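Engineer: Let the hints inform the model, and build the full structure from the sequences given.
Residue numbering for the sequence shown follows this note's numbering, starting at 1 and increasing by one per position.
Don't take every hint at face value.
Said to hold, decoys possible - DSSO-like mimics (lysine-lysine), calculated; alpha carbons at most 30 angstroms apart, straight line:
{"hint": "1", "residue 1": "K48", "residue 2": "K146"}
{"hint": "2", "residue 1": "K101", "residue 2": "K48"}
{"hint": "3", "residue 1": "K132", "residue 2": "K146"}
{"hint": "4", "residue 1": "K96", "residue 2": "K132"}
{"hint": "5", "residue 1": "K132", "residue 2": "K119"}
{"hint": "6", "residue 1": "K119", "residue 2": "K48"}
{"hint": "7", "residue 1": "K132", "residue 2": "K101"}
{"hint": "8", "residue 1": "K48", "residue 2": "K59"}
{"hint": "9", "residue 1": "K96", "residue 2": "K119"}
{"hint": "10", "residue 1": "K102", "residue 2": "K146"}
For the record, the hints were derived by calculation from the structure and aren't laboratory data. Being a predicted model, the structure only gives us computed values, none of them experimental.
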Amino acid sequence: MKQQSLFNETNTQSKKNDSQKNEHTLIFFDTETTGLGEMDRLCQLAYKIGETEFESLFKPPVPIDPYASEITGITQSMIEDAEIFAQSQIKKDLTKYSEEKKTIFVAHNAPFDVSMVAKEGITISTVIDTLKIARVVDDGKSKSYKQEHLWEYYNLQVKDARAH
1 MKQQSLFNET NTQSKKNDSQ KNEHTLIFFD TETTGLGEMD RLCQLAYKIG
51 ETEFESLFKP PVPIDPYASE ITGITQSMIE DAEIFAQSQI KKDLTKYSEE
101 KKTIFVAHNA PFDVSMVAKE GITISTVIDT LKIARVVDDG KSKSYKQEHL
151 WEYYNLQVKD ARAH
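Structural biologist: So this is what it looks like as structure tokens:
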């Protein structure tokens, strides 16, 4: 899949909105990784800004742990010919967004996702953690705080979603 940069288009629209409404840019994002260890790295990143979505596999500098493969469904063969994240347009765009004061990133279990993009050189300073929100709103009633369980518990219709 060829990656396109929508930074300029979205950024221009964002600036128009800022002057009219003083709004922030929300970026919903999720990472998949080679595992949970200190040396593990990003192998997939997806994000959404408004109605625009990006998702891509990347070739990490370390192999995918078999347990991580079971969880994510991403195998070593799937990423062998993938682009290296450091050279990707997605990294360039997310880096630019992370440097803007009016950008807020949103993720489920945000500390994990933020730490994974930090390993790739992207510093996210403003983030909303939907896992933390779910725990507060639910007050311990749900049996699980995984996204797919929360969708079912709250009877949410999520189009074309895949959570791990």
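Engineer: Take the hints in turn and mark each one as holding or not.
Structural biologist: Hint check results:
1. Taking the CA atoms of K48 and K146, the gap is near 19 angstroms; set against the 30 angstroms cutoff, the hint holds.
2. Between K101 and K48 the alpha-carbon distance is near 18 angstroms, which keeps this suggested pair within the 30 angstroms criterion.
3. In summary, the hint linking K132 to K146 is supported, as the alpha carbons are separated by about 11 angstroms, within the 30 angstroms threshold.
4. A C-alpha spacing of about 26 angstroms is found between K96 and K132, which places the hinted pair at or below 30 angstroms, so the restraint holds.
5. A distance of roughly 23 angstroms separates the Cα atoms of K132 and K119; the hinted pair therefore holds under the 30 angstroms criterion.
6. Between K119 and K48, the direct Cα distance comes to roughly 21 angstroms. Compliance with the 30 angstroms bound is thereby established for this hinted pair.
7. Restraint check for K132 and K101: the C-alpha separation of about 23 angstroms stays at or below 30 angstroms, so the hint holds.
8. Of the supplied pair hints, the one linking K48 and K59 holds, its CA atoms being roughly 21 angstroms apart against a limit of 30 angstroms.
9. Distance hint between K96 and K119 is fulfilled; the C-alpha atoms sit about 16 angstroms from each other, no more than 30 angstroms.
10. With a C-alpha separation of about 28 angstroms, the suggested pairing of K102 with K146 holds against the 30 angstroms cut-off.
Taken one by one, the earlier hints all hold for this structure without exception.
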